[in-house]
Amino acid sequence: MRQIKLNYFCIVNILLFCMSSLASRLDPNSVIAFVKERKITYNEIKLDIKYASTLTLEQIKKQEQRRLWRKIDDIVFQEAVHDYHIRATESEIDMQVDETFEKANLSDEQIHKICRISNAIHDALIALYQKPSAAQEIYQEKLSSLISEDDWKTWQTLIDSPEKLKRLVICNDINDLKRNSRESAKNDVLRAKLNKIITKDVNVSEEEIVRAYRKRYKEAKVPPEYTAVHNEIYLELLENKRQDVISDWKKSQYKNKVKIINDEFKES
Amino acid sequence: MKTKNTLFRLVLLGIYILLSGTALAWPPPPCSPCITNWPACDVFCGGQPASCCNQSCCYHTNCKSCVNGACVVCGGDPNLLCCDGKTCYDPNEKHCCEYGDGTTCSNDEACCNGMCVPKRKVASATEALFAYFLVEGVGLRPYNHTVHEIYYSCINIQTISSIVVMRFGPDINNIATWVEKHKYSWNGDETDWVTMTISDGLVGEGEGARGCSVQISVTPDGLKGIGKCDSLLWDYGGGHAPGIITNAEVDCAMPE
Chain A
0 MRQIKLNYFC IVNILLFCMS SLASRLDPNS VIAFVKERKI TYNEIKLDIK
50 YASTLTLEQI KKQEQRRLWR KIDDIVFQEA VHDYHIRATE SEIDMQVDET
100 FEKANLSDEQ IHKICRISNA IHDALIALYQ KPSAAQEIYQ EKLSSLISED
150 DWKTWQTLID SPEKLKRLVI CNDINDLKRN SRESAKNDVL RAKLNKIITK
200 DVNVSEEEIV RAYRKRYKEA KVPPEYTAVH NEIYLELLEN KRQDVISDWK
250 KSQYKNKVKI INDEFKES
Chain B
0 MKTKNTLFRL VLLGIYILLS GTALAWPPPP CSPCITNWPA CDVFCGGQPA
50 SCCNQSCCYH TNCKSCVNGA CVVCGGDPNL LCCDGKTCYD PNEKHCCEYG
100 DGTTCSNDEA CCNGMCVPKR KVASATEALF AYFLVEGVGL RPYNHTVHEI
150 YYSCINIQTI SSIVVMRFGP DINNIATWVE KHKYSWNGDE TDWVTMTISD
200 GLVGEGEGAR GCSVQISVTP DGLKGIGKCD SLLWDYGGGH APGIITNAEV
250 DCAMPE
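Sequences listed follow chains A and B, in order.
Per numbering that gives the first Met the number 0, the very first residue in the first sequence carries number 0; after that it's consecutive.
Per numbering that gives the first Met the number 0, the very first residue in the second sequence carries number 0; after that it's consecutive.
So here's chain A without its partners, still in its complex pose:
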């Protein structure tokens, strides 16, 4: 019996060894990919240890894969923006921010709630760093009317240090919300301009619209008038074609510029 226990002990140890080897399977400085001459190291895409401990190995790999492709996409995008001399002016960014907020149609109450949540989370996390054992009391005092207990646990796991807290922007009114949205809006403007350049030759012929109309309503008992749906079909076909051209452009960029070095990241 003792021998069996000893053997199980050995097997468990070997398994633990294998698992720990998998967890630290890559050297942080090992090069995963190149985008032309730009190296991407494992250190740039690896997940935070505490967050990773909440995931399975498969989920970790998937998220690292996603981070790698985000990095590649960012580099390719910035390079294209540079090559085509694309710029976003301050007024264009302002317009983009205003447009997003208009579409969101946030009520005063919703804006107030976002700001209250951001302040409460900030205060709760500061209190937690000072007294880590008081998570439950802090939740009851500062957050229970705003977010669920599960959400509070998520915040605790994800923003587990004052350094990470510094990356969060606490807001007090709509102007703060808009200010914090400007960087994203700038990227949206730049992407829209780049997409416009890439798809400048895309057009839809009348013949294609007729074909799409016939296909769409071939089984309809009473099809709508062609002229009534012409513009709708035209815009749909145009958008589909634009998306295809953008997708092809990206693929060609990846093909010419990206080289994945590490086998584990090669599949997509």
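Careful: at least some of the hints might be erroneous.
Pair by pair, the computed Cβ-Cβ distance ranges are [unchecked claim]:
1) TRP192/B - LYS258/A: 42 to 50 Å
2) GLU140/A - VAL42/B: 44 to 52 Å
3) SER50/B - SER251/A: 52 to 60 Å
4) ASP250/B - ASP149/A: 22 to 30 Å
5) GLU207/A - ASP250/B: 44 to 52 Å
6) SER246/A - ALA69/B: 44 to 52 Å
7) ASN239/A - ALA69/B: 49 to 57 Å
8) VAL193/B - SER251/A: 40 to 48 Å
9) ASP26/A - ALA127/B: 56 to 64 Å
10) CYS153/B - SER246/A: 35 to 43 Å
Everything labelled a hint here was simulated from the structure, so no lab data went into it.
Just so it is clear, CB atoms sit at the ideal spot from N, CA and C, and this is done for glycine as well.
Since chain A is already given, all that's left is putting chain B on it; use the hints.
Here is chain B on its own, set in the frame of chain A:
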């Protein structure tokens, strides 16, 4: 000669230790055939759906079953093929598979027990969802949130399938996790919220999808599917932060 004898004895001793160690380490055949988890001996075929076939487990995957003591595919009928590990079919007849690359039905049909049946109703609804991320430089992000409901009847059972597609655009690789919940309501009755599963196979670039389905035995008048984005997690490189979501729900009513 003496040295040779000593060496021979050492080799014998080594073999003895090795064999006795192995014999001690290897427990005796512990449980009955097809039963594991010694010493309790209470797990049948590793807990998988299976039958005990000629003293070994016949796992009920890939259309296998135990017939006359043999674990065979499609009841051992050589004229039948296994469709994506789910159903058996005669390759000379029209057949559909529910999953994978088997014969599939047209867009207007659904796979019902191996046969293509017409989908009764299809409806879609889209609303813009807005997520505010506190992360520096991210802020308010708009995403198109679409619910598709498909309803068909399969041998007196009404099946309602739902797909929720979220268009994240260039943010797709920033969204580390997206949890979507869904419920059905009809005639004042409703199901509980369920967490939808990942269903990214048919989505376009910059899109993610979640799916779920229910089977009910009544004809659901006034059927409505409701998708609710429960959480989004933004990955900013140095870490992750949840979003504060507004307009999280999309209602999709079936046409009468």
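Quick rundown of the hints versus the structure:
Roughly 45 Å separates the CB atoms of TRP192/B and LYS258/A, a value that falls within the hinted 42 to 50 Å. Checked against the hint of 44 to 52 Å, the pair GLU140/A and VAL42/B passes, with Cβ atoms roughly 48 Å apart. For the pair SER50/B and SER251/A, the supplied restraint of 52 to 60 Å holds, since their beta-carbon distance comes to about 54 Å. At about 25 Å, the CB distance of ASP250/B to ASP149/A agrees with the hint of 22 to 30 Å.
A hinted range of 44 to 52 Å is violated for the C-beta pair GLU207/A and ASP250/B, which are about 34 Å apart. In this structure the supplied range 44 to 52 Å holds for SER246/A paired with ALA69/B, their Cβ-Cβ distance being about 50 Å. In this structure the hint that ASN239/A and ALA69/B lie 49 to 57 Å apart at CB holds, the actual value being about 53 Å. Separation of VAL193/B from SER251/A is about 41 Å and conforms to the stated range, judged on CB atoms against 40 to 48 Å.
In this structure, ASP26/A and ALA127/B break the distance hint of 56 to 64 Å, their C-beta atoms being roughly 44 Å apart. One distance hint, 35 to 43 Å for the beta-carbon pair CYS153/B and SER246/A, holds here, with the actual separation near 36 Å.
Comparing the model with each numbered hint stated earlier shows that hints 5 and 9 do not hold.
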